[in-house]
Structure formats: structure tokens, C-alpha cells
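Please take these sequences and the hints and turn them into a complete structure.
Here the protein sequences come in this chain order: A, B and C.
Residue numbering for the first sequence follows this note's numbering, beginning at 1 and increasing consecutively.
Residue numbering for the second sequence follows this note's numbering, beginning at 1 and increasing consecutively.
Residue numbering for the third sequence follows this note's numbering, beginning at 1 and increasing consecutively.
Worth double-checking, as some hints may not be accurate.
[Stated by the list, open to error] Restricting the straight-line Cα-Cα distance to at most 25 Å, the calculated cross-link-like pairs of lysine to any residue (SDA-like) are:
hint: 1; chain 1: C; residue 1: K654; chain 2: B; residue 2: R169
hint: 2; chain 1: B; residue 1: K50; chain 2: C; residue 2: S165
hint: 3; chain 1: A; residue 1: K46; chain 2: B; residue 2: F162
hint: 4; chain 1: C; residue 1: K377; chain 2: A; residue 2: I79
hint: 5; chain 1: A; residue 1: K237; chain 2: C; residue 2: V190
hint: 6; chain 1: A; residue 1: K232; chain 2: B; residue 2: F108
hint: 7; chain 1: C; residue 1: K560; chain 2: C; residue 2: D611
hint: 8; chain 1: B; residue 1: K50; chain 2: C; residue 2: L510
hint: 9; chain 1: C; residue 1: K383; chain 2: A; residue 2: K237
hint: 10; chain 1: A; residue 1: K117; chain 2: C; residue 2: D507
hint: 11; chain 1: C; residue 1: K189; chain 2: B; residue 2: Q47
hint: 12; chain 1: C; residue 1: K383; chain 2: A; residue 2: V261
hint: 13; chain 1: A; residue 1: K117; chain 2: C; residue 2: A466
hint: 14; chain 1: B; residue 1: K7; chain 2: A; residue 2: V261
hint: 15; chain 1: A; residue 1: K237; chain 2: C; residue 2: D507
hint: 16; chain 1: C; residue 1: K377; chain 2: A; residue 2: Q85
hint: 17; chain 1: C; residue 1: K383; chain 2: C; residue 2: E424
hint: 18; chain 1: C; residue 1: K189; chain 2: C; residue 2: E174
hint: 19; chain 1: C; residue 1: K119; chain 2: C; residue 2: D106
hint: 20; chain 1: C; residue 1: K377; chain 2: A; residue 2: K237
hint: 21; chain 1: B; residue 1: K50; chain 2: C; residue 2: K383
hint: 22; chain 1: C; residue 1: K377; chain 2: A; residue 2: I149
hint: 23; chain 1: A; residue 1: K232; chain 2: C; residue 2: Q524
hint: 24; chain 1: B; residue 1: K50; chain 2: C; residue 2: A466
hint: 25; chain 1: A; residue 1: K46; chain 2: B; residue 2: V22
hint: 26; chain 1: A; residue 1: K232; chain 2: C; residue 2: K383
hint: 27; chain 1: A; residue 1: K232; chain 2: C; residue 2: D507
hint: 28; chain 1: B; residue 1: K50; chain 2: C; residue 2: I520
hint: 29; chain 1: C; residue 1: K656; chain 2: B; residue 2: Q47
hint: 30; chain 1: B; residue 1: K50; chain 2: C; residue 2: Q150
hint: 31; chain 1: A; residue 1: K237; chain 2: C; residue 2: P477
hint: 32; chain 1: A; residue 1: K237; chain 2: C; residue 2: E474
hint: 33; chain 1: B; residue 1: K50; chain 2: C; residue 2: Q524
hint: 34; chain 1: A; residue 1: K81; chain 2: C; residue 2: W335
Honestly, the hints are just simulated from the structure, not real lab data.
Note that the structure is predicted; figures quoted are calculated from it, not measured.
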Amino acid sequence: MTETEQPPALPSTQSAELQRYERLLAEAEQIQGISLWRDAWRRLRKNRVAMISLGYLIVLSLLAVLTPLLPLQPPRQQITKLAFQAPTASPLFIREYKIAENEPAENPDEPLPTQAKIDADGFGPLNWFDRSLLAARRAIFGEWCFNSICGRDRLGRDLFARLFWGARVSLLVGLVATLVALVIGVSYGAIAGYLGGRVDNVMMRIVDVMYSIPFIFVVIFIISILNTEDVKALMAKWGIDRLTVFFLVVGAIFWLTMARVVRGQVVSLRNEQFVEAARVIGASRRRIIFRHVVPNLLSVVIVYLTLTIPQVMLFEAFLSFLGLGVERPDVSWGLLANEGVEVITPVRTVWWMVVYPGLALAMTLFALNFLGDGLRDALDPRMKNR
Amino acid sequence: MGWFIIKRLGWMLLTLWVVYSVSFVLMRSVPGSPLSAERKVSPEIEQNLKRRYRLDQPLGVQYWDDLRRIVPHGDLGASLKIQDFSVNEIIAQGFPVSASLGILALAFALTLGLTAGIISAVRRGSLADFSMMTIATIGIALPNFVIAGIVIILFVFLWPLFPPGGWGRISNIILPAFCLGAPYAAYIARLTRTGMLDVLSQDYIRTAFAKGLSERTVILRHALRGALLPVVSFLGPAIAGVLTGSLVVEKIFGIPGLGVHFVNAALQLDYPLAMGLVLLYTTLLYVMNLLVDLSYAILDPRVKLH
Amino acid sequence: MLRSAFPYLALLILLGAVAWSLSFGTLPPADFTFCNGTEIQSVDPAIVTGQPEGRIIQAIFEGLVNWDPRTLEPSPGVADNFRRVTVRDERGNETTKWEFEGLSDDQLTYTFHIRENAKWSDGTPVTAHDFVYSFRRFLDPMTPNRYVFQLTSYVHNADRYYSPSMLQPGDPVEIELYPERDLIGIRGKVLRGYTFVERVLQGEAPDPEDEDAPPRQYLYILEKDGNQHRFLAGGEPGSVPSDVTVCRQVLLDFSEVGIKAPDDHTFVVTLKNPTPYFLTLMGFYPLFPVNERCIETYGSPAWTRPENIVSNGAFILKERRLRDRIRLVKNPHYWDRDNVRLNTVDALAVESYVTMLNLYESGVADWISTVPATSVKTLLAEKRQDFQPSPMMTVYFYRINVTKPALNNKLVRQAISLAINRQEILDTVTGAGEVAAYSIVPPGIPGYTPATTAPYNPERARQLLAEAGYPGGEGMPTLEILFNTSEDHAAIAEMIQQQLRKTLNLDVRLRNEEWNSYQISQQQLQYDISRSGWIGDYLAPNTFLDMFVTDGPNNQTGWKNAEYTRLIEEAAAGLSDIQRDTLSIAVGVAGPVSIPTRMDLLHQAEVILMDELPVIPLYFYVSKNMVRPYVHGFYNNLQDVHPLRAIWVDEEAKRKFWEEHGR
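Structure below.
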């Protein structure tokens, strides 16, 4: 501050008045403006079901990321003599993680397989991150791992381990595909809503038309195209695998609703009083968008995100049912659940193969739904300060 | 309202054309031929086979020829895989089956969903509310082939109440309709509950109570109408879902509806059948959405059709 | 008004819809119900290939000969010039068998006598001309026919009729004009009396890869009474010069083909080479007769409708509900009607094996043709009398694309074969008593000893792979196993993937495709390793070995071997020195003959095949029928064929059975 800008001294008659104002100002400053987010978080914390769901999802995601670190049996290790073994928890831990028992060392001259080969046999190709986790796991747990507490499938693979490895794929599909949908949907909806007028009209008509296309059908065709060797070779050249394309395709379907929601929100926000007000006091366009529009959009987007992930995961399961899902020997929950449904026969019901994957799917989608509901309530401006 | 319907039908024609074109391009980009079979034939005969089905024409010609055949006559051509039937006949046989299944599933979903939704809204916070909403969430959270699997274990093998599959008797339809309707019942229950809670806090309901009307009258005559609006707008997509969802259920329960044709035609590249079904589904979707919009306007005086 | 009435109106509509949806008709239960697998493609014998189609067509049509339900031996069908003879086998046991009386001494001419009492389902007699019509239609290049080699390979001039490219100058031809009515499958007017001069492809030779290329047209220059005439086959009317006649196709005159009907009851077929199993082929459903009047009246596919179809089998097509059921009823005009004991039969179209088993267990179906692989072990453990797997003439094998790097090395292929532990796969995945296969020809063909490749030997496999230049799998490209979508194929592929990984340290990926794209990938050699299966069409090694001749349509591995092809061709041609008795070999009853040289040649060919290994045999199927004990006349056989005309149900036993077993 410079001298010249110091306020001129006021006559004493006004000083009482001034003090009153200063008191008021100080009071006003004491009232902390609670940000939308803090407020929402406060409300969400009160919602016990949503918090449990959130906790479950965080734990699940952590476990999925750290799966190679967990004392699980190798998910691809086939112990054929134990095919369809029922769930067993006694003993809880076994020493199964090593050279598979069903391959006798038929020749003493043969060099013993290296640890890398054993890992590749049991886990499939791994990236550096998973390999280091696996090394850490070997250091911590040695050969010990969980017994087949969820039973084994028809090739004698441990279902419990496969559920964890499947979680990685299922969650990734859900998350990435939803993000793809989000990016497309938000940009499309925001552009339409912001530009308004004829452009908006045309863009929304396109969405209407696309809504009426039976998308399952389109997906079947696209996946058939992707499955052919030529296209695969092309994709391999660009370093894209099928899972990536799968994300894109699924994401490309679920963006429509997002676009509509975002566009609606943008249109109504444009005419909101607080935006008008900001404009009147001369806030820049950038400030209006980032300070006023985006935060209000974000709440909608987050709620929608938690509610779309379950839909995407269900869709993945549906595609697995049609035999168009992830490629074996990769697993996803949908694929496991479908394998389970296939072995329900009147002569023998291998219940664990449908119940556990079903349970895993149900619990996760359950949690996502509850969290989504909770977030919607928490972020609802009408609920403010309640 | 008449103008509104005409406008929507115009959009429907446009949509159908877009769907036709997109499907045509996609279908023909799938490598392979619908005429391939385990026993390969000589190129010359392959040529004759193609000629029989006019697949030897350039794609552009096929595009217009098909369009010209479909538009004036509604003739969808002959199926390439189910060779004794035309696509129209296949649809005529399968559609009533799929439709019955869909109608029953929706009727079931509406009955169960509305009842559960109303009860849990009125008895908010009670044990009934909590358990019903939990069940509803399970309905949303499980793929319907898993529901079908569990239901088969329970009601076909453990407690043999229903036949495992087939078509023709009422007992055949109960389990599939349940599996198909369950997720929608769950959604409807949740929507009804939310809508009901919203409405119950409104002034006119308070007024109605203040007038001394019985709880039953207030809920059924005043509150329900408002609470129904989100359900009605959900019905459009729901019908679409029932139509496509039936493909899983039809496959598991061996029901001769259109759902399995839908997947098989797409996978086996039966171009005419696949095209016929896509167009049928699009038309249905559009008509259903139109009906939903109309009923919305009838239910809610604030909504103006334009 | 509308607004207040709307909820009630909606409710009313909903109730109406529910009432409508519940009002579907039901058929009274049939005498006998079976699950027929997927929905059949057609009931037209000439155009289908599958087993489900075969079951229906065998019920509603009847060929020149019938296969005995027990032994598959050719027995009297529409042709009745058979006699019962007694033969003595090596051990001196006497059996009776049918002997065909119409075979000429050079074994080239088959004269069938059409029985006098053979009738179509409309009451008109079945004549030799019906067979000429049907066989010609079967050979017509316009018929979308995939079994055409059943005649073109054996019958005199049949291949030349079928392929216009084989026409020679001077050949008499027939010209088929476009039919006057716009129907598919009917024949146009036929002009005769011309001879062939030249065939010219119109326009540029189209690029076979180009999907958008216009259809091929051929200009035929023909001669009649010294004048040349020009015919354009496949052209559009009106778009040609005035001296060119547009026609549908130009074929060799059918009178040149060895298929003739001298009178109403005599049907003569002349072969190129003696073919011991030709009589068996005549009982195979693609060669069943169809009714000329019916087809030419209604066209295709309308003639196959229940209300139009005229057939000559033991049953009539009564009703077809897509993907639900086919209702068959007994044909009152069938010549052997007194021995057909079922009045109504339902063939259910069920895709899922699990659903089939459900239907069987709940008593809806009396026979299911297969069971889910995952329930086989339980069924066997329970020692179910109604589940008796029995060997079949079908092999499950992996094709190897020998044009791919590394896989073009014989040693690599041998190493892969040695590294596959077939028994482990069979014990884990299939388990119905399937037999591990080390040859492509299944055992059980009389007079033939299959040549085998070495069994599982991981040590030797590693050694061979090292010899091939890939010690410890180093340097081997990633391989991909292609299979058509199915849980069982997937499980087998996953096991082999793991076995190859463990034993040879190979990196193997899996790729599943739907049936159609899988077929295309396989035909266009767009795979590394591909799952395949082959059902023997008749009881001779050729049905398997013919596949792998150089550039054969079903080779699909890129494998070329001149010596192999020579052996197969020699085996097909060098038959004239074989005595007539070898016929009995083809029909499965051992006769008093030495092993013919034909079998030796085929064996030598298979030795080459099993050394080169463009295909790796995995196992031989077993049939997995489940049949209720009250069903009689059902016999397991190598082809898994069970004619409905022989089947009957003991109603009393059925009633008792279900009383005992509840429901």
C-alpha cells in the first residue's frame, strides 16, 4: 500500500457509525462460506450406507490394483484332477504357489523351470508393475496362499484368485468406458448447450436419432469387425489391444445420456440468476465458465459417473454372455458368471461358479448404486445446509 | 397434438433411414459371407449362390434395391439362414411371443415396482422400506442371466414348480417374465419411492390431509398421479430394454421369440433378417417413446407438446 | 375428461395386452418328442448340411435305399431289388444281410427298381422320373448345394454337368431360359439340340477380392444345324444386341450324364469308377427325391411349407413353429406304413445343451441327441441306463496353418502334437469315453488300419523343438488358437494353451469367433492353429483323407503334398480290380475277401499325413444320446443316425415309468 491511497481521516462524528460497520464486516467475515464440496462431503458423511459403499469400493479398488501382492493361487494354474472342487476353507492356507503338482519332474536332467517361467505359466504375461508386486508377494508370503475358498472351475483353476483378477478387468472396463462416455458426452453436451440456437437443435436431434438405434446390434457388428485377424494386426501395429477398443466402443454407447444431461444443465445454468449476476458485475467469460458453470456441472457429472459404471459393468457381463466379452484367458466377472450359468444342469449344480461371481458383481454394483444415490442427495443444492 | 404426432413420425422415418444406412454399412463391413459353410464350394458355385440372393451386385445397387423393396411393400426379403421362411414370416411368428413375454414382464414390473415404491415411501425409514429398497437394488445389480440361473436352481430343480423351458403353456412364461421384469421392477420401485417422497412434501398434499381425507385417498388419488410421472418417462427406455433384454432370457429358457434371432442374425450375417429386426426394433422404440410422451402430456397438465 | 379417465384406460389396455399375451395356442402332446438341436435351415434335401436337418429330412423323405437303423447297411428303400442272403464271417457265424441285385458285373452301372407301391404323400406314385428330376436338380449349379460332390465325384459326367467351365467343343448342351414366373428355384424353359463351341467371359476378368465387382457373365457360342448362335448367361434382358439371346445358364445336355430313367420303375446310374460305398450314399439325405410338381408350382422356399410340401417318407411335415418345434405326423401313403408305429412326433428346436437336458429330465423330451459336457461325468457316475455313449465316426482336430513362419516346419508341428496331453483333456473336459486320437481316420472302418502319430511325450517334444531351431521355445512367434464360440472348445483350447506353455514354453493366445467368421478365417488361412471337427459321411477312410489333397476345398491348411495327393487319387481310381464282395466292406459287414489295395494306398497316404501333421488329431467323438427306456427301435451306430420310422414308444411302459419317477 502506498501513502496516497490511505483513506482520509474521517470526522469523529462518523466514527461511531464506522465502528458499527466494521463490526458488521468482522462478523460477516467470521461466517465461513461453506463450499459446495465441503457441504456435500459433510452431508455424504452422514449417509451411513453411502459411506460403507464408498469404503467398500476403495478397498476393492486397492485390492484389485494390488492383486499380485495378495496370497492367491495363480489364476491360470490348472489342477485338472481337482476340477469342480467345492469351496473349502480348511486349511485356510495351502502351499500351492510353486511348480504345479500335476506335472511330475519326468526327467531329472531337465533344468528346473525358472521362477519367471512359473509365474508366466500361472499368471500370464505381466507388466513390470505386476511383476514387482509378485516379487514382493513371494518375499512376504512365500508359497503360502489361500485355499480354494470359492471352489474351482472345470479346469481346476482357483475361483477365488480368478475373482480378484477378474475384478481388475471388470472395474477397469467400468471405469475407463465410463470416462470415455464422459469425455464425449460432456464435450458434446457442453458445446450444444453453450452454443445454443440452431446448432444445439441439430446436435440434439442427432442424439435423439441415435437413441433409437438398437445399440446392442451395432456393438455385435463392431466387435465382429474387431475380431478379424486383419483388423487385429492393424491394431497391434498401433499398439492397441482389444480391451482398449472395447472401452472405446462401450464408452461410445453410453455418452448419449451424458450429453443430454450436460446440455440441459448448461442451458439452465446460462439463464441462472447467479450467472447473470456475475455477467452484470463484469466477470470474464472464462471466470463464468470455470467459477460458476463447471462446478455446477461437476456435481451432475459425478453422480452420473457412479451410476454409469454399474451399467457398463452389466453391459460387459451381457457381452460375455453372448461370447463377445473379454478374451480368454483374461477373466472378468461377467465371463465368470456366464461360465457359472453354463454349468447349471439338472444332474449337478456347481453352485459356487454362479453364486460367487454373481455376489461379487452384485456387491460392487450395489455399492456403486448406493454411493451414486448418496452423492446425488449430497450434491443436491436444495439440500444445502440441511 | 396431431401436428406433434406427424412431426414425430417424420423424425421416425428419418431415424429409420439412418438406422438402415448405418446397419447396412456396418453389416457389410463385417468380413465373411452369410453363405459360408463347413463344406466349402467352388468359386463358381459361390457366385451362383450369391446370385440367388442378389449378393453379387455392387453394394450401392444392393443398398438401393433393398431400400426400394422395403419402403413401398414392407417386404424385408428372404432369410439367408432360415431358408424356408421370409423375414416377414419369421417376424410374424416370433413377434407375438416376444411381445407377450415383454408385456407380462412389464405388467409384473409395474405391479411389483409401484406397490413396493408406494409402501416404502409411505413407511419411510421402516424396516419394510429398507428391505424393499435393498431387494430393489439387488434387482438392478445382477445381470439377468445370473438371476435366471439362480431362479432355475431354486424353482426348477430344488423346488420343481415350473418347467425349465419351452413355450406354449402359462407355466412356461412365469419364470422368464420374472427374470426379464425383475430389474425394471427394481427401477420402478426406486423411481416411485423418490417421486412419492417428493410429492408427499408438497403443499397440496398437506392441504389434502388437512381437509381430513384418509391416507389411502390422499395417496392413491392425489399423490400417486404426481409420483407416476418419472415412472412414465422411464417406461420408454424400459420397453426398449425389455425388448433387447429378452434376448438373454429367451436364450436361457428356450423361448421362440425374436431375441435369439436378433443375435443369431447379426452373428451369422443373415443380412435381410438382421436388417428387418433392426428396423422393427427402431420402429417399436420410436412408437413406444411417442406413446410415453403422449401419456406424459395427458398426465401432467404443465407439459405442452411441441 | 381424458385426463381423469386415462389411468383407467391405460390399465384396461394393459390388462387387454396381458390377456392377449396369455392366449397362445397349445398343441396336444406328441407320441414321441425329441430335441433336435438348433433350428433347421431348411427341409429341402438338396441344400442343407447339418445333422438336425438330416433328422427331419430322413423322416419326411425316403431315398433309393434305407440305412438299417442298427448296422447302417443299405436296405430296401424306394428301390426294392434287394434279396436277403446269408453270409458266414471269419469265425463261422452266419448272419443275413441285404444284397443289392442291380449292380452290373463291371460295378459301374446301378439299376434300381422303383417299388410299385411307393407313393408321394398326395397319393401319386413315385417314379424313376422323380429321381431323374431330383438328381438333376441336385446337380444344377443354381441349386445352393454343398454336398454336390456326392454325385459329381462318382457319377459319369455329373461333374461336367455341374461345372460349365468343363464344357468341350462339340458337347451337346441344354440352354435354360429365365423362368416366366418370378420364383426362385423353378426351372425355366430348356432348349436342346445345340452343341458347344466357345465360352467367353464378358468384360474384364473381375478381381476376386473386389466385393463391388459386377457379376460375371459368359457369352456362349453354340452351334445348331451348322449355324452359330450366341447366348449370354446371366445377363439382364433387353441390355444385349439383338443376335444374342439372354439365358439363365448353359449346361451339358443332361442326357449325357449317367442318370437315366428308361421306364417309370427303372432308374439307372452309371459311375466313372467302381465305388464300393455308392449304395450307402444313396441312403444319405441330400439324394432323397423331391416332388417335381410341388416345386415347379410353388418355387423355393414356398414348396417346403407344411401346406404345400409333398414328400415320400414315413412322416409328413404337419406344422413348423420357428425355434419352437416341428410337428410330424405319420404319412398314410407311405408304402411301409404298417411298420411305422409313431403317429405324431415333435422335434423341438433347442440350442442350449443345458436346456435339452432340462427338458429330458423333466419328461418333456424322450430323446436328446447330446448332453452338456459338464454333466457327462455325473451321468456316468450315476450309471444311468439311458446314457450310453458310443463311438462315432467323427474326429476333433486342430488344423495348422503351414504357411505361417515356424509352423511351416514339420518338426515344430510334431513337437506341438507331442506336447499335447490328450488324455488329460479328455479326462477333464469331455469325459464321456472319447478316445484320444493319433490318426485322422477313426478306428472301426472295416479293413482299414489308421496310421498314427506318436503319443504325448514332452521330452521328445522339447527335443524336436530344439532341433527345429527354437530351443526352449526361444524365437518362436506367438501362436493363436482359433475356435468357434463354445464353452467346450474354449476349455480345450485353454488346456492346450497351458500345456504348450508348460512343455514347450510357447506363448499361445486364444481367439474365439462366431461360426461364420470362424469359417471364413479358416478358409482364408487367417489363423495359426484352428479347431476343427469332421463327421464321416460314409463308412470309408476317404471321407476323412480326401480333405487334405493339395488345394482341396476342405484342406484349409495350406499344406501341399504331391505324393499324398497321388495316393488318394490312385485309391479312388484303381478300384476296377476289386471283387464285387468289397461292397460288403463298405457297409460294415466283413466279407470273405483279402484286404484290398485301395485300403493300403489310403493307409500310406495317412502315414504321410500323420508324419507331416498339417492337422493334429485330438480325439474321436462319442455319441451322447439320452433315450428313455420305454423308447424302442433306437440303436447306437457309428454315424449317430436314428431313423424315426424304426422308433416306437411302449405307452404302457411310459406311463409306468413316469408314475414311478413322479411328475
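Determine which of the earlier numbered hints do not hold for this structure and return their numbers in increasing order. 3, 5, 6, 8, 9, 12, 19, 20, 21, 24, 25, 26, 29 and 34
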